[in-house]
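Numbering (the working numbering), first residue to last: 28 to 501.
Errors might be hidden in some of the hints.
[As the list claims (entries may be wrong)] Straight line, CA to CA, 20 Å or less: simulated SDA-like cross-link-like pairs of lysine to any residue:
1) 458 to 432
2) 458 to 161
3) 458 to 437
4) 458 to 148
5) 458 to 153
6) 458 to 447
7) 458 to 160
8) 458 to 404
9) 458 to 441
10) 458 to 442
Read the hints as simulated data drawn from the structure, not as lab findings.
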Amino acid sequence: MALAVDLVEDSPYRFRIPPRAPMRVPGVVFASRDLLADAEQSLEQVANVATLPGIVGASYAMPDVHWGYGFPIGGVAATDVAQGGVVSPGGVGFDISCGVRLLAADADGRQFQPALPAVMDGLDRAVPRGAGPGGVWRLTGPGQLERILYGGSRYAVEEGHGEERDLIRCEDGGAVGDADAAQVSARARERGLAQVGSLGSANHFLEVQQVAEVYDETVAAAFGLFLGQVCVMIHCGSRGLGHQICTDHVRAMDRAMARYGITVPDRQLACTPVDSPQGRDYLGAMAAAANYGRANRQLLSHAARGVFRRAAGTRLSLVYDVSHNLAKIETHEVGGRRRRLCVHRKGATRAFPPGHPELPADVREFGQPVLIPGTMGTASYVLTGVPGGDAFFSTCHGAGRVLSRHRAARTVTGRELRARLEASGIAVRPKSWRGLAEETPEAYKDVSAVVAASEGAGLCRTVARLVPLGVVKG
DNA sequence: ATGTGC
Numbered sequence: 028m029a030l031a032v033d034l035v036e037d038s039p040y041r042f043r044i045p046p047r048a049p050m051r052v053p054g055v056v057f058a059s060r061d062l063l064a065d066a067e068q069s070l071e072q073v074a075n076v077a078t079l080p081g082i083v084g085a086s087y088a089m090p091d092v093h094w095g096y097g098f099p100i101g102g103v104a105a106t107d108v109a110q111g112g113v114v115s116p117g118g119v120g121f122d123i124s125c126g127v128r129l130l131a132a133d134a135d136g137r138q139f140q141p142a143l144p145a146v147m148d149g150l151d152r153a154v155p156r157g158a159g160p161g162g163v164w165r166l167t168g169p170g171q172l173e174r175i176l177y178g179g180s181r182y183a184v185e186e187g188h189g190e191e192r193d194l195i196r197c198e199d200g201g202a203v204g205d206a207d208a209a210q211v212s213a214r215a216r217e218r219g220l221a222q223v224g225s226l227g228s229a230n231h232f233l234e235v236q237q238v239a240e241v242y243d244e245t246v247a248a249a250f251g252l253f254l255g256q257v258c259v260m261i262h263c264g265s266r267g268l269g270h271q272i273c274t275d276h277v278r279a280m281d282r283a284m285a286r287y288g289i290t291v292p293d294r295q296l297a298c299t300p301v302d303s304p305q306g307r308d309y310l311g312a313m314a315a316a317a318n319y320g321r322a323n324r325q326l327l328s329h330a331a332r333g334v335f336r337r338a339a340g341t342r343l344s345l346v347y348d349v350s351h352n353l354a355k356i357e358t359h360e361v362g363g364r365r366r367r368l369c370v371h372r373k374g375a376t377r378a379f380p381p382g383h384p385e386l387p388a389d390v391r392e393f394g395q396p397v398l399i400p401g402t403m404g405t406a407s408y409v410l411t412g413v414p415g416g417d418a419f420f421s422t423c424h425g426a427g428r429v430l431s432r433h434r435a436a437r438t439v440t441g442r443e444l445r446a447r448l449e450a451s452g453i454a455v456r457p458k459s460w461r462g463l464a465e466e467t468p469e470a471y472k473d474v475s476a477v478v479a480a481s482e483g484a485g486l487c488r489t490v491a492r493l494v495p496l497g498v499v500k501g
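Using the sequences provided together with the hints, build the complete structure.
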């Protein structure tokens, strides 16, 4: 049953949904009026999330909010573990640990341009993508998958697929420590086995980009970025493995929920207390998928490095790797007290402020790098976290879809879109024409407006804008 | 997002 939603503008870029039973906290939506056009369904989802047991602060929505499974995409919700706070797989999403990695080349666009076609052809061959099986790693046995589930990109680097800096500049040092592979079903393992080091499809991509604008030179330099520089951005997740884990644990929680006296306004919000067998099982499986997602991005980085070295004589250094679909146990101050919270970020990026102890030492004083993938014809952004801590140090994650895949594919054919992009100087290596058409830039909100609203709401600060030179897609 | 459906 959906709740009717009132929206009160508290300040520019900040709207509030007053709590009405059974909401336990208000909804807080960071956006402009323009960005909220047609957002009614997702605002109902923000209100639904506010009913969850143990939720603290507010049910938050980022400026790229749109409708999702149970929780809106662009949603942030934290629950107090000691107060019966719940964890919900719908608050993470099907693509557990979907995230973005940015690598910076030791070359600028002018030097690099002659090598671009050969690099794109090399990436076309080296990057497994599209639906179904295929990955850069052919696993030697189930033991190796187990090591990925525990070791994440740390394991990939140990096996020679990366360098030490890759771990320093990756969220959680390349692996989360609380994975429990025993909670990853046989079916999830089977799906994951043949997809290690693959991009997937839909909005996932690998792009060669160029830094088109720098808004803060000091912070950009600390992150390893300069104007004109060539970069590689990778956006992908945990493929069929994460999807199956979500499916399995939603079912388990749906069955167990009544035992804890929990009722939710939407069955897709299935949840149990963090401190329950089902809650712990899900968080263990989710952490294993998080590690799989990092290993996935690490292996694709290594494949891209090989191509850049051979075709352009260029090195790639990791700027940062951050997930935007994850729940984390974090300590935050709420109502004057430090509390242990389960922070769900679904289509929302963690954005730790300057000085946060979990940040790598060489960027700590500048805040956490936040990576925002845009759409093919437009731009992507690098942001940084700011002091303040609203929404538990979180910000937006991307442009946000406005046209359905079906409607998008009716506006343009894949071949037309490639011709248009190539004419504007962007090389395109699609696997599927249909998949390319579904990702036409018109299908998305203006990523610049999303970033401006996020900064205007005090969630982050803009560091650099990147534009695509070449796109590799499923 | 996804062996694009339960």
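For each hint, the structure was consulted:
Among the hinted pairs, residue 458 with residue 432 is consistent with the structure: their alpha-carbon atoms are about 17 Å apart, no more than 20 Å. For the suggested pair residue 458 and residue 161, the alpha carbons sit about 13 Å apart, so the restraint of at most 20 Å is met. Between residue 458 and residue 437 the CA atoms are separated by roughly 19 Å; this keeps the pair inside 20 Å, and the hint holds. The hinted pair formed by residue 458 and residue 148 meets the criterion: a straight-line CA distance of about 12 Å does not exceed 20 Å.
Distance restraint check for residue 458 and residue 153: the Cα-Cα separation of roughly 12 Å lies within the 20 Å cut-off, and the hinted pair is therefore satisfied. At roughly 17 Å between alpha-carbon atoms, residue 458 and residue 447 fall within 20 Å of each other, so this suggested pair holds. Of the pairs offered as hints, the one joining residue 458 and residue 160 holds, with about 14 Å between alpha carbons and a cut-off of 20 Å not exceeded. Only pairs whose Cα atoms come within 20 Å are accepted, and residue 458 paired with residue 404 is accepted, the gap being roughly 18 Å.
A hinted pair counts as satisfied when its Cα atoms are at most 20 Å apart, and residue 458 with residue 441 qualifies at roughly 10 Å. At roughly 12 Å between alpha-carbon atoms, residue 458 and residue 442 fall within 20 Å of each other, so this suggested pair holds.
No hint from the list above goes unmet by this structure.
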